[in-house]
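Chemist: Sequence:
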Amino acid sequence: MAVVVVSSLPCLSGVMRQTNCSADGFDRLASTRCGRSTKIACGERQQKLPANRLFRGPCDSGDMRVFVLSDLHTDYKENMEWVRRLSTVWYKKDVLIVAGDVSETYKNFVFTMAELKQRFDSVFYVPGNHDLWCRREGGKFMDSVEKLNALLDACSKLGIETSPRIVGDVGIIPLFSWYHKSFDTEKDISGIRIPSLEMACKDFHSCKCPLQLANGDVALAHFFDIMNEKNHNLFEEIRKTSCHLITFSHFVPTYPRERKRRMNGGEDWLPFCIYDKGFTDRLSPSYWSDYYSKIQRDPENTDLAPWVARFYAR
36 MAVVVVSSLP CLSGVMRQTN CSADGFDRLA STRCGRSTKI ACGERQQKLP ANRLFRGPCD
96 SGDMRVFVLS DLHTDYKENM EWVRRLSTVW YKKDVLIVAG DVSETYKNFV FTMAELKQRF
156 DSVFYVPGNH DLWCRREGGK FMDSVEKLNA LLDACSKLGI ETSPRIVGDV GIIPLFSWYH
216 KSFDTEKDIS GIRIPSLEMA CKDFHSCKCP LQLANGDVAL AHFFDIMNEK NHNLFEEIRK
276 TSCHLITFSH FVPTYPRERK RRMNGGEDWL PFCIYDKGFT DRLSPSYWSD YYSKIQRDPE
336 NTDLAPWVAR FYAR
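Under this note's numbering, the residues of the sequence shown are numbered 36 to 349, in order.
In short, the hints are calculated from the structure, not lab data.
C-beta atoms are modelled at their ideal positions from N, C-alpha and C, and glycine is treated no differently.
Any given hint could be a false lead.
[As the list claims (entries may be wrong)] Calculated lysine-lysine pairs in the DSS-like style (CA-CA distance at most 27 angstroms, straight line):
1) K128 - K192
2) K222 - K192
3) K142 - K192
[What the hints assert, rightly or not] Using C-beta positions, here's what the derived DEER-type ranges look like:
4) G97 - E221: 27 to 37 angstroms
5) G174 - E113: 22 to 32 angstroms
6) A189 - H267: 33 to 43 angstroms
7) N184 - V253: 18 to 28 angstroms
8) K152 - E335: 39 to 49 angstroms
9) K128 - S191: 27 to 37 angstroms
10) A185 - N336: 36 to 46 angstroms
Throw the hints in and build the complete structure from the sequences for me.
Modeler: In structure tokens:
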């Protein structure tokens with residue numbers, strides 16, 4: 036899950052406060068994402084990713100475009116193949132925003148980001164939770180903070196942007212963030228034996244956090260907020276000089292656009308083009324489960340979707 040905001044923002048502290056309230060209930064977000072993926076194959080992974088292009092191919096005018104991707108998860112072979120099939124010619128003047136969850140392993144992360152940088156003029160990145168998992172690193176990293184620093188160092192060597200920068204008339208601002216379960220204000224699901232968040236969420240086991248940044252304590256969210264402070268002056272400069280601003284993060288503080296179906300999903304993997312001679316007015320088509328065309332997404336409705344409910348006993 037990722038969030039991209041296309042607007043002018045009043046100040047960095049306001050952005051940081053919003054980011055501090057990052058994930059709107061991680062377990063609910065995870066089940067929502069699962070809901071999107073199940074509408075094609077009844078809960079099974081899609082075996083073949085059909086798209087080998089982004090948004091109608093090359094730009095005839097030669098103007099810069101900005102694309103958004105997240106949750107590539109290139110530890111899966113089919114996902115890595117999708118990345119490698121992207122044109123090495125069509126997007127040389129374009130910008131790609133990668134909003135986290137590239138890969139679980141450092142090796143695949145570096146390979147994936149190198150592949151993307153070969154295809155796009157500029158690539159921006161913020162880490163997601165899966166990027167910081169340490170369970171398959173063979174003891175290479177002491178903890179997830181050390182791995183985070185290694186990922187940022189790798190980005191620097193590859194020419195991947197992790198700090199705010201102006202590209203053309205667009206100011207692009209990566210925001211580091213992390214979720215915290217206390218930010219979930221929606222009703223709990225009752226009457227069903229559902230494991231605790233600590234048991235169900237692999238982050239609590241796969242991320243290795245220093246004791247002072249225990250996963251489950253708000254200190255971890257604050258740690259990522261503080262990483263944004265070093266860019267305060269740069270943010271202010273960009274805010275004053277850019278015609279357009281794009282901020283992005285992996286964790287979603289709110290998702291009103293998602294509720295309006297303003298994103299891709301389902302039938303084909305086509306990243307959202309958000310800027311083409313200005314912020315695009317034309318939205319890419321969305322494909323959603325028929326379940327949600329009949330059942331409104333309401334925070335007060337705690338009934339499980341059928342493909343989720345079958346795994347839990349009352």
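Chemist: The structure should be examined with respect to each hint, and the outcome stated for every one.
Modeler: Status of each hint after checking the structure:
The suggested pairing of K128 with K192 holds, with an alpha-carbon distance near 20 angstroms, which does not exceed 27 angstroms. Distance hint between K222 and K192 is unfulfilled; the C-alpha atoms sit about 45 angstroms from each other, more than 27 angstroms. Straight-line distance between C-alpha atoms of K142 and K192 comes to about 14 angstroms, which keeps the hinted pair within the 27 angstroms bound. At roughly 46 angstroms, the beta carbons of G97 and E221 sit outside the given window of 27 to 37 angstroms.
Checked against the given bound of 22 to 32 angstroms, the beta carbons of G174 and E113, roughly 29 angstroms apart, stay inside it. Distance hint check for A189 and H267: the Cβ-Cβ separation is about 25 angstroms, which falls outside the suggested range of 33 to 43 angstroms. Under the hint 18 to 28 angstroms, the C-beta atoms of N184 and V253, about 22 angstroms apart, fit the expected range. Distance hint for K152 and E335: a CB-CB separation of about 45 angstroms, consistent with the stated range 39 to 49 angstroms.
Taken as a hint, the range 27 to 37 angstroms is violated for the pair K128 and S191, whose Cβ atoms sit roughly 23 angstroms apart. Against the hinted window of 36 to 46 angstroms, the Cβ-Cβ separation of A185 and N336 comes to about 42 angstroms, which satisfies the hint.
Hint compliance for this structure: hints 2, 4, 6, 9 are broken, all remaining hints hold.
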